[in-house]
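Listed below are the residues making up each chain.
Protein chains: 2
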Amino acid sequence: MKIAIIGVGLIGGSIALKLREKNFGAEFIGIDKSEIHLQEAQELGIIDRFEDFENGVKNADLIITAIPVDATVKILPQVLDLITDKQTVMDTGSTKSGIVEAIKNHPNRKRFVAFHPMWGTENSGPKAAQKESFAGRAAVICDREDSDQDALALVENIAKNLEMHLIYMNADAHDVHTAYISHISHITSYALANTVLEKEREEDTIFQLASSGFSSTVRLAKSHPEMWVPIFKQNKENVLDVLNEHITQLRKFKSALEKENFELLEELIKNANKIRGILK
Amino acid sequence: MKIAIIGVGLIGGSIALKLREKNFGAEFIGIDKSEIHLQEAQELGIIDRFEDFENGVKNADLIITAIPVDATVKILPQVLDLITDKQTVMDTGSTKSGIVEAIKNHPNRKRFVAFHPMWGTENSGPKAAQKESFAGRAAVICDREDSDQDALALVENIAKNLEMHLIYMNADAHDVHTAYISHISHITSYALANTVLEKEREEDTIFQLASSGFSSTVRLAKSHPEMWVPIFKQNKENVLDVLNEHITQLRKFKSALEKENFELLEELIKNANKIRGILK
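First to last, the sequence lines map onto chains P and C.
Just so we're aligned, residue 1 is where the first sequence starts under the UniProt record's numbering, counting upward by one.
Just so we're aligned, residue 1 is where the second sequence starts under the UniProt record's numbering, counting upward by one.
No copy is singled out in the list; a pair is fine if it fits within one copy or between any two copies.
Below 30 Å or equal to it, Euclidean Cα-Cα: the simulated DSS-like pairs (lysine-lysine) are: (1) Lys86 <-> Lys58; (2) Lys259 <-> Lys222; (3) Lys274 <-> Lys254; (4) Lys2 <-> Lys74; (5) Lys254 <-> Lys236; (6) Lys127 <-> Lys270.
In short, the hints are calculated from the structure, not lab data.
Let the sequences and hints guide you as you build the complete structure.
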């Protein structure tokens, strides 16, 4: 099986590396707007060769998109225009409603499977790819009833080879859940970084003092706007709902502190501690 | 040298384990209001034996307090009442202004060294203690001019044996910096956990979907109120300043999203990315 990866960065590269290790796929073809990334990906053994968009798509049995979600929305109809009913297309995007909406009336819609592997780091590009990235983590398949059985089975097999456990839900539910589980953490982390950068001018002190708690909370603030602006754009309504709730929750801490209501502060913290039972 | 540890939990236990490994200290005496913790600490090899408060303090050359900061404020004057000018006392608290204020006029003030090892986890109790906890991290000594030279030298030697690098600052500056570097991260994390718990009733979905980004951002939300309410209480003014700034920063993200001003959103994220240059 020939596999084309559109976007040979962190996610596309990590998928290719793992599938190659599993001897899944005979040939990996890179497609990317960055010639530098294509060359790096080839040198790193992520892809065997690279092609232009049209030839790359036409020559592959499976096409995996691993590019920002706004670019995915644009490119997916073009990919589906080029394929036959023997080919399968899957994405890896962090939002899903806009993506499935963009192709819902496409005659080849059923050749597409909406896939979201729940993993990422604050780094990007082929050099950031790691073959053990996905093992043990969750992957979501959305709207499986809108995909052909053989296309779905192929993507399920990919997930198995990536050693991920699958969850099925519709695209709208996916976007609500990811707003809570992933998108809000990034906004919080960005805002926290900006808070510290705004007031703490003594950067050297930050660096020296930063404890592991701080580093883990602001780690996500290193994530690139090229990936995240499109996610927030695509999932605007859900992200705003969660952001408003988060600001409300922060105001409760503020109010408890201002009023020196330490019983309330303790209650708020005890409630938050319940996350201990959910997240190991 | 005999060392008394007041509070044989995560921090006190981790210090004792590391010092014992370095053969620093001939005998470790535990003092704790929890008999269960004292027995656990003895079984875990953290302490050799335990004593009541008065005898434990009187029988030690060095007394280390490792208890919540409000308890430290109360107990320190009592510790200083019991000691002679041959003994040294150090704390490990996450806030400092209230602690140094509480003993500023005590005749034995100079036997005390204000110490803050910048490490912690969301766990507590003797079983959470780890001997490699502190290596490579920062420790702060506050108001060193208020301590006797020999007391200061002893605590510096402790820091060296814990393999920490020392930073010196005054207590007020310490409390401003830790509000930014540590305390706000905890409030953010608690509020984020409460946000998710408030709206996401499908706990099973959280657990299944939670990606590594989410786990690292809400990890601190597991931290106990017994430690953190006193910290927020002691450092109320600084924490409120930072919290207000943080809410302002979050509102900028909210406004950019509401107005679909994606250029501003990109700017906010690019600014946050500057943390990359500061935190490796």
